[in-house]
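Make a model of the complete structure from these sequences and hints.
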Amino acid sequence: MWCSFLHEGVFSSSLSRIRVIRDDLIGMDYPVVCKHCVDAPCIRACKANALYKDTGGFTKLDKAKCIKCGECVNACPYGAVFQNPFDKTPLICDLCDGKPICVSKCPTNALSIHPATEIPVKNPAQLGKRYSVALSEYRVLLERWGIRVKYE
Amino acid sequence: MSSTNRKLYGYAGRILRINLSTRRIKVEEVNEKLARMYLGGRGFNIAKLYDEVDPSVDPLSPENKLMIATGPIPGTGFPLGARLNVSAKSPQTGILGDSNVGGHYAAEMKYAGFDQIIIEGRSSRPVYIYICNGEVEIRDAEGIWGLTISKTYDALRRELRDPGVQIAAIGPAAENMVKFSGIFFNRVRPAARTGLGVVMASKNLKAIVVKGDGFIEVAKPVLFEKIVDEIELEVYTHEQYWPRRIMGTSRILLAANKIGVLPGKHFTEPVLPLQYAFEISGEKLALKYNVKNRACFSCIVPCSRVFVVKNRENAFLSEGPEYEALAGMTVRIGNNDLEKALRAIELINDLGLDVISTSEVISWAMELYSNGQLTRNDTDGLELEWGNMNAVFELIMKIAYRRGFGELLADGVVEAAEKIGKGRDIAFHVKKLEMIQADPRGLKGYGLGFAVSSRGADHLRSEPFIELMDNAELGAKMFGEPESTLRLGVRGKGKLVAYYENICALVDSLGVCKNLAENMNILNYEKISKLIESVTGLELTPLEVEEIGERVVNLERAYNAREGINKTHDVLPTRFLKEPLKKGPSAGHVVELEDMLKEYYKAREWNPDTGLPTIEKLEKLGLYKVVKDLYGIVKSASFFEINKSSRSERG
Chain L
1 MWCSFLHEGV FSSSLSRIRV IRDDLIGMDY PVVCKHCVDA PCIRACKANA LYKDTGGFTK
61 LDKAKCIKCG ECVNACPYGA VFQNPFDKTP LICDLCDGKP ICVSKCPTNA LSIHPATEIP
121 VKNPAQLGKR YSVALSEYRV LLERWGIRVK YE
Chain X
153 MSSTNRKLYG YAGRILRINL STRRIKVEEV NEKLARMYLG GRGFNIAKLY DEVDPSVDPL
213 SPENKLMIAT GPIPGTGFPL GARLNVSAKS PQTGILGDSN VGGHYAAEMK YAGFDQIIIE
273 GRSSRPVYIY ICNGEVEIRD AEGIWGLTIS KTYDALRREL RDPGVQIAAI GPAAENMVKF
333 SGIFFNRVRP AARTGLGVVM ASKNLKAIVV KGDGFIEVAK PVLFEKIVDE IELEVYTHEQ
393 YWPRRIMGTS RILLAANKIG VLPGKHFTEP VLPLQYAFEI SGEKLALKYN VKNRACFSCI
453 VPCSRVFVVK NRENAFLSEG PEYEALAGMT VRIGNNDLEK ALRAIELIND LGLDVISTSE
513 VISWAMELYS NGQLTRNDTD GLELEWGNMN AVFELIMKIA YRRGFGELLA DGVVEAAEKI
573 GKGRDIAFHV KKLEMIQADP RGLKGYGLGF AVSSRGADHL RSEPFIELMD NAELGAKMFG
633 EPESTLRLGV RGKGKLVAYY ENICALVDSL GVCKNLAENM NILNYEKISK LIESVTGLEL
693 TPLEVEEIGE RVVNLERAYN AREGINKTHD VLPTRFLKEP LKKGPSAGHV VELEDMLKEY
753 YKAREWNPDT GLPTIEKLEK LGLYKVVKDL YGIVKSASFF EINKSSRSER G
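Residue numbers (this note's numbering), protein chains in the order written: chain L, 1 to 152; chain X, 153 to 803.
Fair warning: there could be bad hints in the mix.
Said to hold, decoys possible - Restricting the straight-line Cα-Cα distance to at most 16 Å, the calculated cross-link-like pairs of lysine to aspartate or glutamate (EDC-like) are: (1) X:Lys682 x X:Asp381; (2) X:Lys372 x L:Glu8; (3) X:Lys303 x L:Glu8; (4) L:Lys105 x X:Glu384; (5) X:Lys730 x X:Glu744; (6) X:Lys777 x X:Asp206; (7) X:Lys772 x X:Glu757; (8) X:Lys444 x L:Glu8; (9) L:Lys105 x X:Asp206; (10) L:Lys105 x X:Glu757; (11) L:Lys88 x X:Glu731; (12) L:Lys105 x X:Asp365.
Said to hold, decoys possible - Beta-carbon label-pair distances, calculated as ranges: (13) L:Val133 x X:Gln427: 41 to 47 Å; (14) X:Gly740 x L:Asn109: 44 to 50 Å; (15) L:Gly98 x X:Gly286: 35 to 41 Å; (16) L:Pro77 x X:Ser276: 45 to 51 Å; (17) X:Asn488 x L:Ala110: 33 to 39 Å; (18) L:Gly56 x X:Val179: 46 to 52 Å; (19) X:Lys735 x L:Tyr78: 57 to 63 Å.
These are calculated hints, taken from the structure and not from any lab test. Glycine included, C-beta positions come from ideal geometry on N, C-alpha and C.
Here it is as structure tokens:
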């Protein structure tokens with residue numbers, strides 16, 4: 001909502017770069033937004049080289065180069081690339097240049113922003129099966145806090 | 153007038169008219185005059201209803217019109233702005249039927265391109281309407297007719313292959329013409345009061361689905377952002393913020409117990425021992441069952457709670473309940489098992505009934521059963537003892553499908569009492585709408601609000617929540633009567649109720665939540681005037697803004713007057729006027745309705761003998777047509793004055 005206001009100057013969920021998938025039967029509200037993948041399928045799919053990684057590692061769009069083919073939309077495994085219904089350009093989260101308005105507007109702090117960090121973990125298999133299982137569960141939690149676990 | 157071609161920001165700008173008999177679809181523009189006079193939502197609805205649905209129309213005939221309207225605020229990022237109003241002539245009360253609902257529908261409807269949807273006529277077979285980006289499809293609903301609300305919700309999402317569609321649907325109760333069934337938005341958010349679901353069912357309309365990719369522009373973005381920041385700060389720092397987030401309105405149960413205004417066992421037991429009250433309270437719900445919060449569109453007070461009942465036999469997950477449902481399925485029917493209450497509420501919602509009216513008919517039958525006026529022979533063998541939930545489950549099914557004893561109750565408590573000729577004095581209703589879960593003997597402003605409300609016994613027309621704070625200083629400051637804001641006070645209540653009625657009508661027209669304007673008391677006319685300017689570009693003075701609320705209230709009164717409602721209908725059931733409360737902190741009190749009514753008519757500048765708006769008042773509000781209808785006087789003051797009045801004090 002505020003996303004579209006900041007980027008497009010109007011209020012609209014179809015122009016927002018973050019969408020909430022809701023289900024009233026099971027009480028689900030799940031935000032879908034660009035994960036800024038390291039090896040981004042959308043960038044690989046882009047034939048016009050309009051999508052690129054900037055120096056901070058964020059996926060960015062060069063609107064002038066975009067040919068509006070929609071390949072990036074199909075390529076995203078999370079469904080986090082949306083298409084502008086009016087001019088068909090992709091809507092990809094640009095993290096508002098480091099100060100995301102969705103985070104600052106979120107009333108429940110469900111959204112938060114963390115600097116990307118990475119912690120290395122040496123071969124977990126050496127420490128046994130239980131350790132591996134525990135670590136893989138813990139990794140999910142860490143990734144929610146913005147910490148990537150890298151197996152060495 | 154030149155004003156019609158000025159761009160109105162904030163609105164989607166169009167009104168959709170669908171005739172189900174002829175399948176003709178018409179689109180009208182929202183013009184500046186309509187917006188200036190009524191703003192939107194409840195205002196738009198009553199304006200159209202007054203013009204188009206007159207006393208000759210039978211509520212269940214094709215001539216009745218179902219209207220869904222929202223205001224300029226929903227769809228913008230304004231916090232607590234996601235409400236819409238549903239109106240029609242009510243089959244339950246025969247007068248104005250109107251209900252307000254939150255959720256995500258209002259915003260989606262505007263993104264789909266419409267501020268108001270008017271449904272006319274009657275389809276020859278079951279259909280549902282799909283509105284997507286300004287396009288309207290009338291689609292077959294034979295396959296989903298008869299399904300419960302949750303199954304309908306699921307089936308429609310699958311049929312349209314889109315999880316993002318917003319759905320307003322009716323349940324089996326409405327299809328079976330149970331008079332108090334509602335229209336359910338977002339599955340668990342009903343526009344339940346005054347039986348609007350039946351109007352929808354009478355049109356053979358199962359659901360209205362909206363989906364939109366459009367957008368809403370605001371007139372003054374910088375000012376708008378500033379206002380939002382200010383309001384958000386006030387909300388976040390408000391003392392009610394956290395209680396509302398944790399418990400929603402369910403927290404009122406313990407608060408009502410503390411001041412002794414619970415509707416225990418059909419308004420005979422106003423207080424419960426604390427340990428029993430706690431077991432069925434919002435606090436208990438929050439501690440044991442709630443798992444997460446949900447919010448309406450762009451709202452920063454996520455007061456709806458998802459709860460899980462972890463029970464080995466039949467665990468279930470759902471959303472809610474609010475105070476009215478909670479108290480209705482616990483204290484009002486003498487039940488003290490929270491899990492069973494949650495299950496009963498779920499069942500009522502899924503069948504599409506109004507939980508308030510359902511709790512009244514059940515507790516009414518229970519009171520008759522307890523004093524022997526009804527026996528097992530009358531109730532199909534159901535043992536309607538206080539708190540017998542197994543019987544309640546069965547009875548709810550019987551009501552929804554009009555089976556046996558349920559058939560009697562399905563027309564509402566008034567007709568049930570008429571039919572069996574018993575219990576007329578304990579049928580708690582005003583203007584045929586069943587009473588909510590608060591005893592007016594301990595909340596006298598609410599009592600007055602019930603009596604004069606334009607849709608019957610309901611608190612959401614005036615909601616003088618300020619009473620619960622029991623702060624005399626506020627009353628002295630706001631109304632010049634210290635008693636007015638004391639819950640057991642009498643003097644000044646007329647002014648209090650009139651004031652809050654105006655605010656309620658105004659925020660319903662704006663599309664804003666009453667929690668912001670009434671309960672948290674954050675919005676005042678100055679702020680609303682600025683807000684309207686920043687969103688729509690219409691410059692209205694605080695006085696003009698106040699007049700909009702007043703105009704809506706007066707027009708609704710006139711609408712009801714045309715249906716034959718007058719002062720004699722502004723009453724409360726005798727128990728509240730004659731029998732003092734026996735227990736608790738409000739013991740010994742009755743509602744001194746006569747005194748408060750006099751003061752109310754005076755505050756409203758209505759005729760104290762008839763209870764109708766005076767000619768002067770109506771003219772001042774620019775309602776010339778109403779003067780003609782009510783008094784048979786054709787005013788010579790023609791277009792010139794109408795234009796003048798609608799443009800007065802501008803800039």
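Inset, instruction - Sort out whether Asp365 (chain X) lies within 16 Å of Lys105 (chain L), counting only the CA atoms. - result: Judged against 16 Å, a Cα distance of about 22 Å means the pair is violated.
Inset, instruction - Take a quick look at whether Lys730 (chain X) and Glu744 (chain X) sit within 16 Å of each other, Cα to Cα. - result: 9 Å, holds
Legend entry - Satisfaction of the hinted span 41 to 47 Å by the C-beta atoms belonging to Val133 (chain L) and Gln427 (chain X): Holds - the Cβ-Cβ distance for Val133 (chain L) and Gln427 (chain X), about 45 Å, lies within 41 to 47 Å.
Inset, instruction - Evaluate the given range 33 to 39 Å for the C-beta pair formed by Asn488 (chain X) and Ala110 (chain L). - result: At roughly 35 Å between Cβ atoms, Ala110 (chain L) and Asn488 (chain X) fall inside 33 to 39 Å, so the hint holds.
Legend entry - Agreement of Lys105 (chain L) and Asp206 (chain X) with the hint, judged by alpha carbon distance not exceeding 16 Å: Distance of about 46 Å is beyond 16 Å: violated.
Legend entry - 16 Å limit on alpha-carbon distance, applied to hinted pair Lys303 (chain X) and Glu8 (chain L): Roughly 38 Å between the alpha carbons, so the hint for Lys303 (chain X) and Glu8 (chain L) is violated.
Legend entry - Given pair status - Glu731 (chain X), Lys88 (chain L), alpha carbons within 16 Å: 69 Å, violated
Inset, instruction - Below or equal to 16 Å on CA atoms is what counts here, so check Lys105 (chain L) against Glu757 (chain X). - result: Roughly 44 Å between the alpha carbons, so the hint for Lys105 (chain L) and Glu757 (chain X) is violated.
Inset, instruction - Return holds or violated for the Cβ distance of Gly56 (chain L) and Val179 (chain X) against the range 46 to 52 Å. - result: 47 Å, holds
Legend entry - Given pair status - Asp381 (chain X), Lys682 (chain X), alpha carbons within 16 Å: 14 Å, holds
Inset, instruction - Using the beta carbons of Pro77 (chain L) and Ser276 (chain X), state whether their distance is inside 45 to 51 Å or not. - result: 47 Å, holds
Inset, instruction - Quickly compare the C-alpha distance for Lys772 (chain X) and Glu757 (chain X) to 16 Å and report which way the hint goes. - result: 11 Å, holds
The structure fails hints 3, 8, 9, 10, 11 and 12 (numbered hints given earlier, in ascending order).
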